[in-house]
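As given, the protein sequences belong to chains A and B, one line each in that order.
Using this note's numbering, read the first sequence as starting at 1 and increasing by one per residue.
Using this note's numbering, read the second sequence as starting at 1 and increasing by one per residue.
For the record, the hints were derived by calculation from the structure and aren't laboratory data.
Cβ-to-Cβ under 8 Å is the rule here; a few derived chain B residues that face chain A:
| id | residue |
| --- | --- |
| 1 | Arg30 |
| 2 | Asp36 |
| 3 | Ile39 |
| 4 | Phe47 |
| 5 | Val51 |
| 6 | Phe64 |
| 7 | Val143 |
| 8 | Leu168 |
| 9 | Leu190 |
What follows is a list of derived Cβ distance ranges for each label pair:
| id | chain 1 | residue 1 | chain 2 | residue 2 | range |
| --- | --- | --- | --- | --- | --- |
| 10 | B | Met14 | A | Val103 | 55 to 63 Å |
| 11 | B | Arg29 | A | Ala5 | 56 to 64 Å |
| 12 | B | Leu179 | A | Ala23 | 15 to 23 Å |
| 13 | B | Glu73 | A | Ala5 | 51 to 59 Å |
Even for Gly, the Cβ is constructed at its ideal location relative to N, Cα and C.
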Amino acid sequence: MNDEAIHSRAERLIAQDFVEGIADADRRWLEQHLRECQHCGTSAALTGRALRALNSAVIPTPAGLAQRAQFRVHLRMQERQENRIQRGFLWIACAASWLFGAVSAPYVWSGLQWFGQSLALPHLVPEIGFGLWWALPALVAGAIVLAENARYRRQRDWSN
Amino acid sequence: MAAICGSTLYLSKMAIDDDLRSVAAGLQRRDPELIDRLIDQYQHRLFRYLVYLTANRERAEDFFQETWIRVLERGHQYDGRSRFDAWLFSIARHLVIDWQRQKKAQSLESLVEPQLNALPELTDTETPSPLHLVLSHEESIAVQASLDRVPAIHREVLLLRFQEDMPLSDIARVLGAPLATVKSRLYRGLENLRSLLMERQHE
Chain A
1 MNDEAIHSRA ERLIAQDFVE GIADADRRWL EQHLRECQHC GTSAALTGRA
51 LRALNSAVIP TPAGLAQRAQ FRVHLRMQER QENRIQRGFL WIACAASWLF
101 GAVSAPYVWS GLQWFGQSLA LPHLVPEIGF GLWWALPALV AGAIVLAENA
151 RYRRQRDWSN
Chain B
1 MAAICGSTLY LSKMAIDDDL RSVAAGLQRR DPELIDRLID QYQHRLFRYL
51 VYLTANRERA EDFFQETWIR VLERGHQYDG RSRFDAWLFS IARHLVIDWQ
101 RQKKAQSLES LVEPQLNALP ELTDTETPSP LHLVLSHEES IAVQASLDRV
151 PAIHREVLLL RFQEDMPLSD IARVLGAPLA TVKSRLYRGL ENLRSLLMER
201 QHE
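Chain B extracted, bound-state conformation:
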């Protein structure tokens, strides 16, 4: 039984590796059908990440398009040895940081004042807040308000780990930082979040 499970896992991993290699080959050829398929496949996750990063839906859409332009132009740099979403998110992240540097002469790491980088309002008059879908109204406000106050540098890794379910090694790739730094930011972010949630609980 264990052997069968082991074989199944091995075959699954091989299938995933083959898929990544075919994506890499397609990007090097600049295969339009592949890129269209990738845009469809990753649109929701990438847009969500950009919305959290930029706190602005319109800007997030601009970055969304620009990210895929970069994927087209730099597809030859993706070698298929790592997950595609990690590479994709790292491109998006660099675009946002470059833009922020131009606008504010700051990097994401230097945005330590959480109020300067509050999360976007996820609720609108027509669509319920995504957090409302899973929590009561009070809880979703508490979670969102607490997340707002977590510094951007920590919030980002919380989103990548717990929203995108990215392995730590892939997060390190997205951030271009060592694994130890990713863990450190995660622990700090969780500590911040925990303290803020407990603070609200006692209010």
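Same shape as in the complex, but just chain A:
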């Protein structure tokens, strides 16, 4: 094995030892080589010291870091709880609205039919009117929910 190949092998084993460990036979070879080769020995020592320093490095945390995070998390929990209650009311309102619509639909339909006949309107007019009456509350509710979600996302978008 020529010198270049020996040094390449040493560099590879040094890195491998740091990353995932090496076999005993390789370790014995490497230790022998590091004793004999100043360049590789220095390289291994420098890298080892740097990595140990990295492991020991402590970056001071700002005072109150944890407390501020805990406060924000608790606020968010409270917000979620309030949203859940509001959504609960929304679902109840939707259910009541649907029930009311189902119960009153025959009467509304009859009323619109009578209205259309009274004014001699085409059949399509009371039919469209009935469709709008049926669909409009759901469309309005959906638009409100989408707008609320968009507003919430904008508030949380901290790229602003």
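With chain A's structure known, arrange chain B on it following the hints.
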């Protein structure tokens, strides 16, 4: 003796697994006391990781808070089968990448120019550099300067492996990358670091 050691290790592993499962259960319940405890427990490591990732202490604190908000909201996704710190760091990492994508239309992987993503100044006038605590002044400058020049994509795995002592499998989980990719980046990072340190040594 070997049997006793084996049993001790097995029991320790069982205790750790139980602990992770209880954390997972607590997060699914959104237990406020658990989350407070986790914030206290991981504050130093998470903040350090974010400082190295963002090179800005103020921004790191913003991300620190946002990470825990995400932990609250996505706690049901943690199943307790992997280490909690790996999951936590992956959340933090994704937040930083999303922010960087919004700001610069780049991902962490595309930041190949190390000068664009230099490490923060760890020294200030009142607190000695953390590297100064373990090295001489010249050495700490050399290590920090060399680490500055390692590409972010490699520096990140060096930090996770040698600063956070994370197993390779957990690093793969944090990065969302295969184990082979993690090893490749580690080897490249070590090679970069080694070359830079030797370069400074000869200056």
